[in-house]
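Q: Each chain, written out:
Protein chains: 2
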Amino acid sequence: MLTERQLLILQMIIDDFIETAHPVGSRALAKKKNMPYSAATIRNEMADLEDLGFLEKTHSSSGRIPSEKGYRYYVDHLIAPISDKSNKKILKDIIDQEIYELEQIAQISAEVLSELTNYTSIILEPELLETKLKQLQIVPLSSRSAVAILVTDTGHVEHRTMKMKNDIDPSDLEKVVNILNDKLQGVPIVRLEEVFQREITKLLKQYVRNFDESYEYIKNILAHEQPVNLYIGGKANILLQPEFRDISKIYSFLTMMENKEQIAELLKNTKHGIEVTIGNENEIEAIKDLSLITTTYHFGEGQVGTIALLGPTRMEYRKVISLLSSLSKEMSDVLHKYFPSS
Amino acid sequence: MLTERQLLILQMIIDDFIETAHPVGSRALAKKKNMPYSAATIRNEMADLEDLGFLEKTHSSSGRIPSEKGYRYYVDHLIAPISDKSNKKILKDIIDQEIYELEQIAQISAEVLSELTNYTSIILEPELLETKLKQLQIVPLSSRSAVAILVTDTGHVEHRTMKMKNDIDPSDLEKVVNILNDKLQGVPIVRLEEVFQREITKLLKQYVRNFDESYEYIKNILAHEQPVNLYIGGKANILLQPEFRDISKIYSFLTMMENKEQIAELLKNTKHGIEVTIGNENEIEAIKDLSLITTTYHFGEGQVGTIALLGPTRMEYRKVISLLSSLSKEMSDVLHKYFPSS
DNA sequence: TGTTAGCACTCGTTATCATCGAGTGCTAAT
DNA sequence: ATTAGCACTCGATGATAACGAGTGCTAACA
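Going line by line, the protein sequences match chains V and G. By the UniProt record's numbering, the letter at position 67 of the first sequence is numbered 67, and the numbering carries on one by one without gaps. By the UniProt record's numbering, the letter at position 39 of the second sequence is numbered 39, and the numbering carries on one by one without gaps.
If you're looking for bench data, these hints aren't it; they were derived computationally from the structure. Keep in mind it's a predicted model, so treat the numbers as computed, not measured. Hints are not guaranteed to be accurate.
Identical copies go unnamed one by one, so any copy, or any two together, can satisfy a pair.
Below, in silico cross-link-like pairs of lysine to any residue (SDA-like), each with a Cα-Cα straight-line distance of 25 Å or less [claimed, not checked]:
#1 Lys165 to Val208
#2 Lys202 to Gln104
#3 Lys319 to Ala40
#4 Lys337 to Ser145
#5 Lys92 to Asn181
#6 Lys132 to Glu158
#7 Lys132 to Leu173
#8 Lys260 to Gln104
#9 Lys260 to Val228
#10 Lys132 to Ser142
#11 Lys329 to Leu78
#12 Lys165 to Tyr207
#13 Lys89 to Ile284
#14 Lys337 to Pro170
Assemble the whole structure, with the sequences as input and the hints as a guide.
A: Below, the structure written as structure tokens:
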């Protein structure tokens, strides 16, 4: 158990390091106001805190920097979450614009979030787990090509272009689309293919000539491969952090950020509420020297999206936590307002 | 007018510098095969070429590097376009996959292009100038919100979510959509709003109660703000170029690449055929020390998209020109195959 | 006994300086 | 007209010293 004095010193070291990115020495710390102890005393405590694993040295005669354990303790025990009203207001103003599309809200929020922090932000759209089909359309483009369009009850639109081997009979097409709409409206997107195969195939066989030829195409339309829609803000902003001084680091960071699958992997286990993952606590190799802070936003029945911020372990946790919880709330509110019933 | 010997020396210097990124000295050049002159002769010619503005020195006793004028001459007169068959094949294989959506073709092509060159590539979708409306749909989400969907004859899908002040009457909606489709099918996307205002407003007033309430919403749907759809490949790859050694340069480059408007500005005047813009020939400040090489691809009647590659002025022009003209051809071919009539 | 002043020591940073080598321009010889 | 030779330039490299912010330890102090 740490003493009061140790807590104070640990906190001041971490606060200072987060601000300046320079190792903190005993003399400099002693000079600060609110620091009633002498440099020598601080040195002793620092040595103890280092033994306990909360601090580190960059070399034998350097000042101290927080270890990952130090940050962990800091995040868990030392930061009284402040609520930054001016930033909150900025977020609210942004989101309260008359934008009715999740994609745009997400894109803009991601940019603003990065602008306010100089870290890189990622916003994931909710998976479509619970969204239901509102309407299905198939629009013929030529005699042998068509574009299929799915609209969900949350206003999400997906489309897929197809090329057919045989000509389309317009009246057959109409029949198929009518039957599909009739039977599939209200069915969750993820179950479309299954319901189609189980319940509708037979029906269609009865009503539509040559249905066998179309079977694969329709199956394809309904086979829902979850596309991961994500919006990234401020890939350049993070270069302002002194931690990104060497190019190989920038390179590996940017390479990772270009890989959507990896980012999805990174964020797949997001829990509700704010969660902070520091350095090696992260499972993905490429960000083992960064911190990731995540939260979720919600709308409809169980629609969950993710908001994340990626920065150096020397992150302004206090500010970032407050920002993320504000944004989570604002986005949930706005989405709830736009899609009240769904 | 340059002598044969000057041409040879200029060409060899530029080739060498493009390959190694190191200033080229007379002794090193003299040692190469195909170089029948001595170091001293080369030195004299180099001095002349420098006087003529084709070469530069980085400092008084350094080897020579090409000036922008040198690159310009090189591109215009010294590179016999080679056709790199293996790369051509890669491109063809990529594009010949069963992808029927321009967006995906563009995205994948952009990535491959960057992978093959280690420069940053940009592919712009064609403007919709000539595309025509195939079908319009309005899908109600709740009593006061709906999503409008436009499908063009090229299979392009756009959608917009709206929030209304008053409840929607389903039968009115159907009437409106039917009339709109009836009158607007085949009308170029860019003229939808105009035709609507001029020819359809009156008609709708006759058939639909309270049409005035809906007027603004429909106008909004049809008001086509050209969204610039662009796909970027390899923002990280370009860091492999030694020219991107300092972070401030990386920062300004990435910042520019995050600004879609600026990129659109950059590419708005693309001419048909391959075009190379070197260093200060570029009008945008942020890329005055880079080279931009562009070409177009085509489909349908006058649908023109842009392919671009952005790299250091020390670019492998020969390779890049051949790659871009292959890709332009491949993309045009594929698109023509998918949308033959349009 | 806990706190602090003092001091020797460490080590990264910065500046200085000599050396090296790839390059040039010029002159004289071929 | 071409080339060999040579003095000179200048960035890069590496060694060395001086500096300073920091530490750990010991002894003095309240």
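Q: So, for every hint listed, does it hold in this structure?
A: So, going through the hints one by one against the coordinates:
no. : hint             : result
1   : Lys165 to Val208 : within (17 Å within a copy, 42 Å between copies)
2   : Lys202 to Gln104 : neither (41 Å within a copy, 34 Å between copies)
3   : Lys319 to Ala40  : neither (32 Å within a copy, 65 Å between copies)
4   : Lys337 to Ser145 : between (39 Å within a copy, 11 Å between copies)
5   : Lys92 to Asn181  : neither (38 Å within a copy, 39 Å between copies)
6   : Lys132 to Glu158 : both (13 Å within a copy, 20 Å between copies)
7   : Lys132 to Leu173 : both (22 Å within a copy, 22 Å between copies)
8   : Lys260 to Gln104 : both (19 Å within a copy, 15 Å between copies)
9   : Lys260 to Val228 : both (8 Å within a copy, 22 Å between copies)
10  : Lys132 to Ser142 : between (29 Å within a copy, 13 Å between copies)
11  : Lys329 to Leu78  : within (24 Å within a copy, 62 Å between copies)
12  : Lys165 to Tyr207 : within (21 Å within a copy, 41 Å between copies)
13  : Lys89 to Ile284  : neither (34 Å within a copy, 35 Å between copies)
14  : Lys337 to Pro170 : between (40 Å within a copy, 22 Å between copies)
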